[in-house]
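Protein chains: 4
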Amino acid sequence: MKRIGVMTSGGDSPGMNAAIRAVVRTAIYHKLEVVGIRRGYQGMIDNDMSVMQTTDVSSIIQRGGTVLKTARSKDFMTPEGMKQAYDNLQAQHIDGLVLIGGDGTFRGANAFFDQYAIPAVGLPGTIDKDLSGTDFTIGFDTAVNTAVEAIDKIRDTADAHNRIFVVEVMGRDAGYIALYSGLSCGAEDILIPELKTDMGEVVTRILDDKRRKKDVHIIVVAEGDDFGNAEAVKAVLTDSVPDADIRVCVLGHIQRGGAPSMADRVLASRLGYAAVNALLRGEKQVMIGQINNEIVSTPFKEVVKQSAQIPADMAEMTVVLTA
Amino acid sequence: MKRIGVMTSGGDSPGMNAAIRAVVRTAIYHKLEVVGIRRGYQGMIDNDMSVMQTTDVSSIIQRGGTVLKTARSKDFMTPEGMKQAYDNLQAQHIDGLVLIGGDGTFRGANAFFDQYAIPAVGLPGTIDKDLSGTDFTIGFDTAVNTAVEAIDKIRDTADAHNRIFVVEVMGRDAGYIALYSGLSCGAEDILIPELKTDMGEVVTRILDDKRRKKDVHIIVVAEGDDFGNAEAVKAVLTDSVPDADIRVCVLGHIQRGGAPSMADRVLASRLGYAAVNALLRGEKQVMIGQINNEIVSTPFKEVVKQSAQIPADMAEMTVVLTA
Amino acid sequence: MKRIGVMTSGGDSPGMNAAIRAVVRTAIYHKLEVVGIRRGYQGMIDNDMSVMQTTDVSSIIQRGGTVLKTARSKDFMTPEGMKQAYDNLQAQHIDGLVLIGGDGTFRGANAFFDQYAIPAVGLPGTIDKDLSGTDFTIGFDTAVNTAVEAIDKIRDTADAHNRIFVVEVMGRDAGYIALYSGLSCGAEDILIPELKTDMGEVVTRILDDKRRKKDVHIIVVAEGDDFGNAEAVKAVLTDSVPDADIRVCVLGHIQRGGAPSMADRVLASRLGYAAVNALLRGEKQVMIGQINNEIVSTPFKEVVKQSAQIPADMAEMTVVLTA
Amino acid sequence: MKRIGVMTSGGDSPGMNAAIRAVVRTAIYHKLEVVGIRRGYQGMIDNDMSVMQTTDVSSIIQRGGTVLKTARSKDFMTPEGMKQAYDNLQAQHIDGLVLIGGDGTFRGANAFFDQYAIPAVGLPGTIDKDLSGTDFTIGFDTAVNTAVEAIDKIRDTADAHNRIFVVEVMGRDAGYIALYSGLSCGAEDILIPELKTDMGEVVTRILDDKRRKKDVHIIVVAEGDDFGNAEAVKAVLTDSVPDADIRVCVLGHIQRGGAPSMADRVLASRLGYAAVNALLRGEKQVMIGQINNEIVSTPFKEVVKQSAQIPADMAEMTVVLTA
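Protein chains in written order, with my numbering: chain A, 174 to 496; chain B, 174 to 496; chain C, 174 to 496; chain D, 174 to 496.
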C-alpha cells in the first residue's frame, strides 16, 4: 500500500477533523501518501481530491466541521456513479481508503465494495451514537455537551419565570442525546424512542408538581420520540395543564458544530490512528470502533444502525432521578 | 430612608443577579435594610418578600436568571392590585424601591407612582437593548455573545455541507441582537426591522454567490423583522433558489440564560450601585442608565421603547462586510 | 437502614454536586433520610451536619465545587478524632454513609471502619483519575476539557508569535490529564511520569523543527513528571535552544472548578444512584466504580492509588501523532 | 491609492483576525488591492508578504491569534531596517498601510514615517486597553471575559475548600483587566497599579472576615501592581494570616487567545472598515479609535500609553462592593 484516500461522508460531526488529522499524520509517518477526497462519495465521482501534507492538518484538531467537507451523494447510488468513482480512484493510484461517517456511509460502501476490490476501513463519525461495533461515535460527546450547555441556559430562564420548557434535541431514531443531556440537566422528564412515552403520566406529574408549588418543568424530547416532537408535546400540555406557560426550544444544528470535546478528539485520534494501521495490516471492509476501551474491527456488513442500548441501572435511575 | 425593596420584573436577562447583588451590598454598606420582592409586581401584591443579607447575594454575580424570580402581573394593571401592593409595601415599612426590568416595568411604574408616592429608581434589565436613556441594557451583551457562539457552531456545519441557514434571534421589535450577532459571525445577510428587508435582493445575492461557487450562506433574521421570521424567509428561498439545501434554526430561550458576560456584570454592578445612591440622594421615579460611560438619570415617563439606533458608519459597514 | 450521611472529602472535583444530588434524591425516593455532612471527616468531628431535602439539591447538578464543602482533616487521623466522629454519627442516628472523594478519603475510611462498624460506600471523586476500581473518576473529564480549552487558547497566541510554550497541568502522580489534554490539543510533546522523559530528545526535536521552519512548539507536562515541572523544562530549553522565545503556563486551579461536563454529570449520577442502592442491598466498605460501562464494587482495602494505565496503542499513537 | 498593506504587530490580541478581515473586505469592495504583511515590521523587512483575496479572510472572524502572525522587530529599530522595509513596500507598489497593534506599533511608526512618506492608519489591537484615543482596544473584552471564566472556576474550588486565592491577571502597567475581572467575579480584593496597594489593609480585612467565619477570599492582582505580583502578595499573607490556606494562580497567556467576543468582533470590524475609508479620504499617520460610540482619529504622535482611567463612581463602587 502506497497511497490512501480519506474522506468524510454523511452528516458532519465534531471530531471529524481530528480523525482526518490522525489519518494523515499516521499515514505520512508510515511513508504512505494521502489523498483528501472532498464531499464524500460525490468527490470520488467528481474527482475532487488532492494530496495532503502534515501542514494541511495543522491546527484543525480543535475545529468543528470537516476540512474535507461532506455530502450525501445520489450519484453514488447508481452503477455509473460507482464506476466513475472507482475509475477516478484508480487513476489517482489510491489503493486504500479511510471512510469517516455514519451508517449511510457504510451502507454505501457495501454495494461499492461488492463490486470494486479496494481495501477500505471505516470510522464511526456521527453525533447520533446509533451504530453497532463501537461504544461511542465521533461527535456524540461534543453534541451532548452542547445540548447540556444550552439546556443549562434554558434552566436559568425557566427557574426565573416558573415555566415549562419542551426542549427537542437531535439523535434521529436514537434517544442517547436526549437521555444523556436530560440526565445531565436534571430534566423533569426525558422522552426517548426506546421507552414508550406516556403523555398522560407526564401531565399527571406536572399537575402533581404544581400542587406542590413546583412550577418549573423541563422536558427533553428526542426528535425521534415515539410520541412525537416538541410541538406535539406542547400541544398536549397546552390542552391538559391549566394556566401553563409553555415554551418550545428546538436546539437544532448547533449540536453539529463547535470545537470537539476532549473525548471526541481522543476517540477520533485513536480511531484514525488505528484505521491506517488496520489498512497496513491488510484489514479491509471493516469499521474500526472502540469497545470497553479497546480497538475493535467490525465488518461493514455487520455494522447496523441501532437505537440506544440503555443499561438497566440507567433506565431505573432515570425514573428515580427525574421523579 | 431606612428600608428599600428590590425586585426584578418582565423578561429575565443575564446580569439581573449581579444588579441585585450590587443593590443589596450597597444598601447594607449605607446601613439600609433591603427587602427582596419575589416575582416583580405580583410579589408586591402577594406580599411575597423577605429581608436580604449579604450572604443572600453571595456567589450569585455569575449566575443567569434572577434569584428574586420575575413575572408579568395582570393584577397590577388593576386599581385593586396597585392598592394591595402599596399596602404591603407600607406594612413592610419599605420607603424606597429599586425596580429592575424592561419598558413594561417602567410603564407599570408610571401608573402606580402617579397615585402612590414612594421613591423608586429603575434599572434597564432586558436582553433587547430597546430602551432610551442608556447605551446598553443589562443582559444584551450576554445574549448576543450566546447567539454568536451558537451561530459559530452553525457556521461549522454550514461550511461542511455547503448549506444555507436561516437563523432567527431574539430582540422583539429591535434589531440589535440580529445586527451585532450577524456582524460578529460574518453572516452573509442580516435582516432587521430597522432596515427595509428586500427578499428579492437576498435571493439575487444567493444566486450570484452560487454562480461563483459559494454555496454557504448564513442569514441572521431578527424575530421582529419587517419581512417576517425565519420560516417566512425560508419559504421564499425554497421557492426561488433551485436545489438549495436550506435549514432553519430558531435560537430561542438559550439567549436569555447563562452566566453573564463581563460587560453585563460590570454594567449591572455599576447601575445597581448608582441606583441606591440615587435613592439616598433623593432621586425618584427615574431610570438609571449609562451613556458614554457616565451614569445618567431619565424620568420614567421619558423612558421609551425604541428600535435600534444604528450609527451611519455601521449601517454602511454592514452592506460592505456582508457583500 | 433509615438515615444515611453523605459527605465530600479531599480535593474537590467537578461533578461532586451531581453525585450529592443523586444520593439525596435516590435516598429520599427509597424513604431514607439524608444528612449532609459538611467539610468531610472534619464535619463529622465538629458535628457540622444537617438533614437535606430534595430542594437542597435543586439546580446543583450543573455547579462546580461542592455544596457540602470539603476539607482534609488532621483530627481524623487521631483516635480521639475518630471516636468523636463516631459518637456524632451515632447521636444523629446515621446508619449508613456515602463518602465522595479520592484515595485519601478511602485510606481514612479504612482505619475508621476497622474500629467502628457503620456501613459505608465510597464514590471516586477526583480530577486525577488515579484510582483502581473504576475506569473514570468524577471530575476527570471536566478537568481535562478545561485544560484543553486553555491550551487551545495558548495555541492561538503561540501560532501568532511562533513561540514555545511549556504548559503544566494537574494530575499529581498520574499523567492522564497531561496525556489526554496533550493529545487533544495536538501538543508537540507530552511529558508524563509513566513514560521516562528524555529532555535531550525533546531538545533535538525542537531543533529539528526549527530547521524545518516550524517554530511553534507546545509541551504539555504533568505536574508530577519524572523530569520535573514546567519551570524545570523551561530551564533546559533556555540553555539548549538558541534564540528560543519560551513561555510557561501553569494552568493551576481552574482545572478544579467549572460546570461539570456531561460525562461527569452522568457518571456522578449513576454512581450516586448505585451507592444508595448498594447500601440498601447491604454492601459496605466498598467503592462503587464504573468499569466497561458496568457498575462495580471494590472493597476500600483493595482500592489503590495508581498511575496512568496507558493502552499500548495509545502510547504508540502518542509517539506518532506528536512526531 | 491602489494597493494597501495590512499587518499585525506587537502582542497578539483576540479580534485581530476580525480586523484583518474587515480591512481586506472593505479594500476589495473599493477596488483596492490588499497585501498581507506577515510578522509585522519584520515581515516588511524580510519582504514576507502576499496579496490577499476575500477567500483568505473567510471564516477567520471567529478565530483567536492572527493569520498574519505578529512579532516585535529589533531590525526595524535601525535605519537600515527601516530603509529595507520602505524599499520593499515601494517594490510591492504599496501606497497605504493599515497597522494593527499596541503602543509599540505606533511608536515604531513614528520614527519610520518621519522619514518615509507613506500614508498609514493604525488600529488599537492590544488586550491591555492602555492607549489614549479610544475607549476600547481590540482584544480587551475577550481577555477580561477569559479571566472572568477562569476566576469563576477558581471561585468554585475556593468556596469548596474555604481558601484564599491570589489570582494574577495581565495588563502590563494598566489595571483594567484586574479591575473589570475582579468586579465581575466579586473578588474580595482588587489590587491595581492605579490605586496605591496597602497590604496592611488587605491583611486586616482577611483577619476580620475570618473572625466572621468568612474564610474564602479571592484577591485579583494586576501583573503591574505597585505592591508586586501574586507571589509577593502571597508572601505577605503567609506571614500575616495564621493557618491560612493560600494558593496562587497566574492566568497567563490564556488571556491572549480564544475566539473573540462579540464586542471585540464588532469593534474590530468597525475600526477596520473605518481605517480603509480613512486612507481613501487621505488621512494619514493617525490611529482610528472609538470614543463614545463614534469613530475618532488621533495622530500617531498624540497616541500615548496610559494607565486605567477609572471614573470616580467605579472607584468608590469598588470599595463598596468588595467590602
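Hints in this document: simulated from the structure, not taken from any laboratory.
Take the hints with a grain of salt, since some may be wrong.
Stated by the list, open to error - These stretches of chain C come out as covered by chain A in the derived footprint (C-beta under 8 Å, 3 or more residues):
#1 236-249
#2 290-304
#3 459-472
#4 480-488
Claimed, not checked - Straight line, CA to CA, 30 Å or less: simulated DSSO-like cross-link-like pairs of lysine-lysine:
#5 Lys386(D) - Lys386(C)
#6 Lys204(D) - Lys383(C)
#7 Lys175(C) - Lys387(A)
#8 Lys247(D) - Lys204(B)
#9 Lys204(D) - Lys175(B)
#10 Lys175(C) - Lys474(C)
#11 Lys383(B) - Lys204(D)
#12 Lys383(B) - Lys247(A)
The C-beta atom is built at its ideal place from N, Cα and C for all residues, glycine as well.
Mind checking the alpha carbons of Lys175(C) and Lys387(A) for me, to see if they're no more than 30 Å apart?
Roughly 27 Å separates the two Cα atoms, so the pair holds.
Pairwise hint evaluation, Lys383(C) against Lys204(D), where the allowed Cα distance is 30 Å at most:
violated (39 Å)
The segment 236-249 of chain C covered by chain A? Criterion: 3 or more residues, Cβ-Cβ distance below 8 Å.
With 0 residues in contact (Cβ-Cβ under 8 Å with chain A), the coverage given for the segment 236-249 of chain C is violated.
Is the straight-line distance between the alpha-carbon of Lys247(D) and that of Lys204(B) 30 Å or less?
With a Cα-Cα distance of about 58 Å, the restraint between Lys247(D) and Lys204(B) is violated, given a limit of 30 Å.
Taken at face value, is the distance from the CA of Lys175(B) to the CA of Lys204(D) at most 30 Å?
Violated: Lys204(D) and Lys175(B) sit about 66 Å apart, past 30 Å.
According to a criterion of three or more residues whose C-beta lies within less than 8 Å of a C-beta of chain A, is the segment 290-304 of chain C covered?
That given contact is violated, which follows from only 0 residues of the segment 290-304 of chain C lying within Cβ reach (below 8 Å) of chain A.
Hinted pair, alpha-carbon criterion (30 Å max): Lys386(D), Lys386(C). Please report holds or violated.
violated (57 Å)
Holds or violated: are the alpha carbons of Lys383(B) and Lys247(A) at most 30 Å from each other?
holds (20 Å)
Whether chain A covers the segment 480-488 of chain C (at least 3 residues having a Cβ closer than 8 Å to its Cβ atoms)
holds (count 3)
Is the Cα-Cα distance between Lys383(B) and Lys204(D) 30 Å or less?
With Cα atoms ~22 Å apart, Lys383(B) and Lys204(D) stay inside 30 Å; holds.
For the pair supplied as a hint, Lys175(C) and Lys474(C), is the alpha-carbon distance within the 30 Å limit?
holds (26 Å)
Three residues minimum, CB to CB under 8 Å: does the segment 459-472 of chain C make the cut for coverage by chain A? Let me know.
holds (count 4)
In the structure shown, a violation is registered for the earlier hints numbered 1, 2, 5, 6, 8, 9, in ascending order.
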